[in-house]
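Colleague: Letter by letter, the chains look like this.
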Amino acid sequence: MKKFLPWILVAIFGAWIVSDMRPPKPKDNFNLAEFGRLPVLLNGRIQPFDSVARNALLSMSGKSTVRLENGKRMSATEWLLEAMSKADVADTRKIFRAQHPDLESLLGTEQARLEYYSFNDITNHLEEIEHKAQALAESERGKEDAVKLRTPFQKDLMHLYNSLILDHRIKNSLQPENADDFSQELEVFKEKIPAGLLALQASEANEKFDQTDLQTIAAFFRRYQTISRYAYPLAVPPKAGEPRDAWSNVGSSLMESMRSNEIHPAITKLAAVTTAYAENKPADFNRAIADYRTWMESNHLAPELKKGRQEFFFNQLQPFYKAMVIYVAALLLGCAFWLNLSEWVRRSAFALLGVAFVIHTFGLLFRMYLEGRPPVTNLYSSAVFVGWGSVVLGTILEKIYKNGIGIVASGVVGFITLNIAHHLAMSGDTMEMLRAVLDTNIWLATHVVVITTGYASMFLAGLLAVIYVVRGFFTKTLTPEIAKSLSRMVYGIICFATLFSFVGTILGGIWADQSWGRFWGWDPKENGALLIVLWCAIVLHARWGGLVKERGLMAMALFGNIVTSWSWFGVNMLGIGLHSYGFMDAAATWLTIFVVSQLLLIGLAILPPRFWASFKNQESPGAPSSPKGKEPQPASA
Amino acid sequence: MIDRVFRFFSSLRLTVVLLACALLLVFVGTLAQVKFGLYEVQAEFFRNVFVWWHPKGANWKIPILPGGWLLGGMLLLNLVAAHLKRFQFTKKKIGIFTIHAGLILLLLGQFFTEVFQVESNIRFEEGQTRNYSEDSRHNELAIIDVSNPDHDQVYSIPETLLAKGGEIRDAKLPFTIRVKNYFQNSEPAGPMSGAGNKIKASDGIGKRLQFAEAPVVATMDNENKPAALLEIASDKGAIGEWTVSTWLTKYPWSAILGEQMGSMFGTALSEPQSFQYDGHTYRLALRPIRYYKPYTITLLDFRHDNYRGTDIPNNFSSKVHLSDPKRGEDRDVLIRMNEPLRYAGETFFQAGFDENNDKVTILQVVRNPAAITPYLACSLVALGLLIQFLMHLVTFGRRQKNKPAPQKNSPKRKTVAVAAAKGAL
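If you're matching them up, the sequences are chains A and B in order.
Residues 1 to 637 in this note's numbering are what the first sequence spells out, letter by letter.
Residues 1 to 425 in this note's numbering are what the second sequence spells out, letter by letter.
No lab work stands behind these hints, which were simulated from the structure alone.
One or more hints might be untrue.
To be verified - No farther apart than 30 Å at their CA atoms in a straight line, the calculated lysine-lysine pairs in the BS3-like style are these: (1) K239/A - K86/A; (2) K91/B - K549/A; (3) K155/A - K94/A; (4) K401/B - K476/A; (5) K164/B - K35/B; (6) K549/A - K93/B; (7) K399/A - K401/B; (8) K306/A - K27/A; (9) K86/A - K27/A; (10) K549/A - K198/B; (11) K92/B - K484/A; (12) K399/A - K85/B; (13) K549/A - K92/B; (14) K86/A - K63/A; (15) K401/B - K3/A; (16) K91/B - K484/A; (17) K208/A - K269/A; (18) K307/A - K63/A; (19) K402/A - K401/B; (20) K2/A - K402/A; (21) K484/A - K401/B; (22) K401/B - K91/B; (23) K155/A - K35/B; (24) K164/B - K180/B; (25) K91/B - K164/B; (26) K401/B - K2/A; (27) K281/A - K192/A; (28) K192/A - K269/A; (29) K269/A - K306/A; (30) K484/A - K93/B; (31) K549/A - K85/B.
Based on the sequences and whatever the hints tell you, model everything.
Modeller: Here is the structure:
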């Protein structure tokens, strides 16, 4: 039985992954998935409605599904469709998050502690929120740093305000939010255009015209002008012959119709979709979507449809979330192995690590394919890649040493980095388009990948040091054999990190030289990378010179965590320089916590062996510095 | 004694201490950029022997950190000394040796770059042609003899000479220039407005427009706008007295001044100031240093596009025409983000645009005679690191192979612990 445990675990988690690869079932006969796959243009890129829905919901509520009153969950796509076709129903969904007590008291709900609000919960306070938010924006005008200096209340207020705006935009994306039967409305509109145009021309030429015709068309004009201002995704695809990126929104396309006297076919077809959904007619709904797809295919939009389908699949699969969960499982089993030391536990843990790694890799590759880019394009993807790189190294270590350390280290880094990525994803689209300066696949594939691998190896070395200190200080499980192998691992990984950090930093310099004619400019991110290289050099020289031994090396590897996290995240928080593209906010707190925790561990690491649970009653396993008076000779490791 | 000095300079401890200082310098130098801006930090931290602390108002200063020059120099000495001491050309050391040779080259190359690199820019509108670029930070007093219709004769006096004050004489100039007053930073002022030190000239625009001394600034988005009051005189006596300032010549300050005072002064603000002497017409201006080139560049088209429906730029590009009759170059070039033009030892890259005028491009021009060194240096270091790393890996692999196979359950802890603790390192 024990022999089969690894296989059983692989089968269980494998089944979990595969189960999400199948297309989701229609809900109440509505083929929602098919709607979720339809492509639109947003953030400068083609993406399915499903991505629009998930990213919007994540940024508003921090969740990718909507919790219903009855405790069930509603998918992001379904919520988006509802908001775009039955705005009044969507207004009852609790999608707005407000946590600050002062904000709750503003909403009059401090007793209830709701945290999540529906639009209807907030309606009575809209003006007040708007007034306060605009006053804040006004006071911040012209001050660049103001956004960073907001109080928690102000942050929460602005978040709520922006969420309300986003919600308003979404509700006015495919039709005006108060439309009853949009298909019917379009029919009327189409009929009225010619007469309205005649009246308009006549009035401009100071001739006699029908007042009613003019007023009707003017009313339509105002109505569509409003939604043209608010519409969120660009849902109307280009017609044959237009540039591929010439998408427009429903409102502006309808305004264009007043000139051209014809309504874009996509609008009529999308209106059929929303109307059928609003009127609860599943058969019509499914037919309308199929009809729209057919139209797109015959209008050379097959690549866009394909992109929508693939990204929908990727969203559905959630490979990084699944990898994160399985990493935790592997990590727990790895720790269990340290307690009972049975080989089959280690094997099971290793097998799980393998499953997590496979799905992590699949996600990474699929994302590269979707974007048509190397793996790292922004802070989010750097977190995914740092985790991946560390797991590769950790797996190799486990293959060599077979003592569970590689598994636990991989599990921890995999979990933490994917968790970081998950939180970074809340700030919006993770596959955003690249600014002109970053738009170069060669340098993204070399400099960025190499430097990120450097980060990954630094963190892995640091984590091994954490394992050393925690096991050595608090438990008796750090045998000299394990201590020595850890020390060798840390040393080896730091050598690796030196190579990658140095080469990566230099490649960055060469990129700068190729693009801007200057190799080095002391930009904060450049300096950050240089700090890692310098730190690696210090560690290696200190060790060669005998200035540090085992515990000293561990303390230095721990400090490497601080240096690397500074270079990776801290620099971006300064908000200056060419590289400050990945600014985020809440991360500052976490970074501080992380740095403090590492400093504490360093403090433990340099305590004399007699305080260590594993080293008590033993001879010293290596003083932190060499005896004085003798010039240390460089010794090769 | 010499032995001890040599031992000090070749010690590994010194390496570690220097590297640690470098770490600190780079870290503090990054933080300082938030307050002081990139250029100031470059000059104060990295292109300096020491980082000084001068308290406001005091006329003394104390060093608080070793600067880039000192650390770079010491590291170089340390490296060379260490290699002299321990240099043995063995197979085992070849990696380490290559790494350090590369580092020496890198340090030297960066030193030459810091000293000899010149950064300037060209800011021009579609249709305009330039045969010079302008220094981004350094100014010159230009005296231009425009009497010859074929070409102008330019005499250039660096701003640093003006800052010293006193008289400026040059054999090539038939007159002397006396610096009567010089402000490192200034603000335009009327006769009534502006407190404190002000300059007023008896000729040129300075008769009507005065400049008041302003506090020196040092951030990236704000720069000093110097002004000086100059008296020009020959052996026979005074020729005249003029005010010069980059307020009158350098974008965007000249544009701002024009906006504010244009209605009062009209074209007098943008017209060059000039005077007659000995049958020649001279112009004078305090302006960004100009680097003239034996060729011309014309801006044909500037594009600045965003991704549809976003504010994310996806393309900046300047289409220029390069014309160099001497070398027979006559072609159109597209300069884009990440695709600069390299010509005659200089690199022209797309650096910016004007928010108010979409026909204006800003090209950065860099001349760096040591541009090749980082490439060589880095290849050496990377090669060395690779050799070293692979050697470790091979040794490590052998050691693992020779080790007895791991036992199913790890051996009893207590007994082995002591034995291995003795052997640890």
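Colleague: All hints, please: hold or fail.
Modeller: Here is what the structure says about each hint:
{"no.": "1", "hint": "K239/A - K86/A", "verdict": "28 Å, holds"}
{"no.": "2", "hint": "K91/B - K549/A", "verdict": "26 Å, holds"}
{"no.": "3", "hint": "K155/A - K94/A", "verdict": "20 Å, holds"}
{"no.": "4", "hint": "K401/B - K476/A", "verdict": "29 Å, holds"}
{"no.": "5", "hint": "K164/B - K35/B", "verdict": "28 Å, holds"}
{"no.": "6", "hint": "K549/A - K93/B", "verdict": "22 Å, holds"}
{"no.": "7", "hint": "K399/A - K401/B", "verdict": "13 Å, holds"}
{"no.": "8", "hint": "K306/A - K27/A", "verdict": "23 Å, holds"}
{"no.": "9", "hint": "K86/A - K27/A", "verdict": "17 Å, holds"}
{"no.": "10", "hint": "K549/A - K198/B", "verdict": "66 Å, violated"}
{"no.": "11", "hint": "K92/B - K484/A", "verdict": "24 Å, holds"}
{"no.": "12", "hint": "K399/A - K85/B", "verdict": "41 Å, violated"}
{"no.": "13", "hint": "K549/A - K92/B", "verdict": "23 Å, holds"}
{"no.": "14", "hint": "K86/A - K63/A", "verdict": "21 Å, holds"}
{"no.": "15", "hint": "K401/B - K3/A", "verdict": "26 Å, holds"}
{"no.": "16", "hint": "K91/B - K484/A", "verdict": "27 Å, holds"}
{"no.": "17", "hint": "K208/A - K269/A", "verdict": "37 Å, violated"}
{"no.": "18", "hint": "K307/A - K63/A", "verdict": "24 Å, holds"}
{"no.": "19", "hint": "K402/A - K401/B", "verdict": "14 Å, holds"}
{"no.": "20", "hint": "K2/A - K402/A", "verdict": "18 Å, holds"}
{"no.": "21", "hint": "K484/A - K401/B", "verdict": "17 Å, holds"}
{"no.": "22", "hint": "K401/B - K91/B", "verdict": "23 Å, holds"}
{"no.": "23", "hint": "K155/A - K35/B", "verdict": "24 Å, holds"}
{"no.": "24", "hint": "K164/B - K180/B", "verdict": "11 Å, holds"}
{"no.": "25", "hint": "K91/B - K164/B", "verdict": "58 Å, violated"}
{"no.": "26", "hint": "K401/B - K2/A", "verdict": "29 Å, holds"}
{"no.": "27", "hint": "K281/A - K192/A", "verdict": "28 Å, holds"}
{"no.": "28", "hint": "K192/A - K269/A", "verdict": "20 Å, holds"}
{"no.": "29", "hint": "K269/A - K306/A", "verdict": "19 Å, holds"}
{"no.": "30", "hint": "K484/A - K93/B", "verdict": "25 Å, holds"}
{"no.": "31", "hint": "K549/A - K85/B", "verdict": "24 Å, holds"}
Checked against the numbered hints given earlier, the structure breaks hints 10, 12, 17, 25 and satisfies all the rest.
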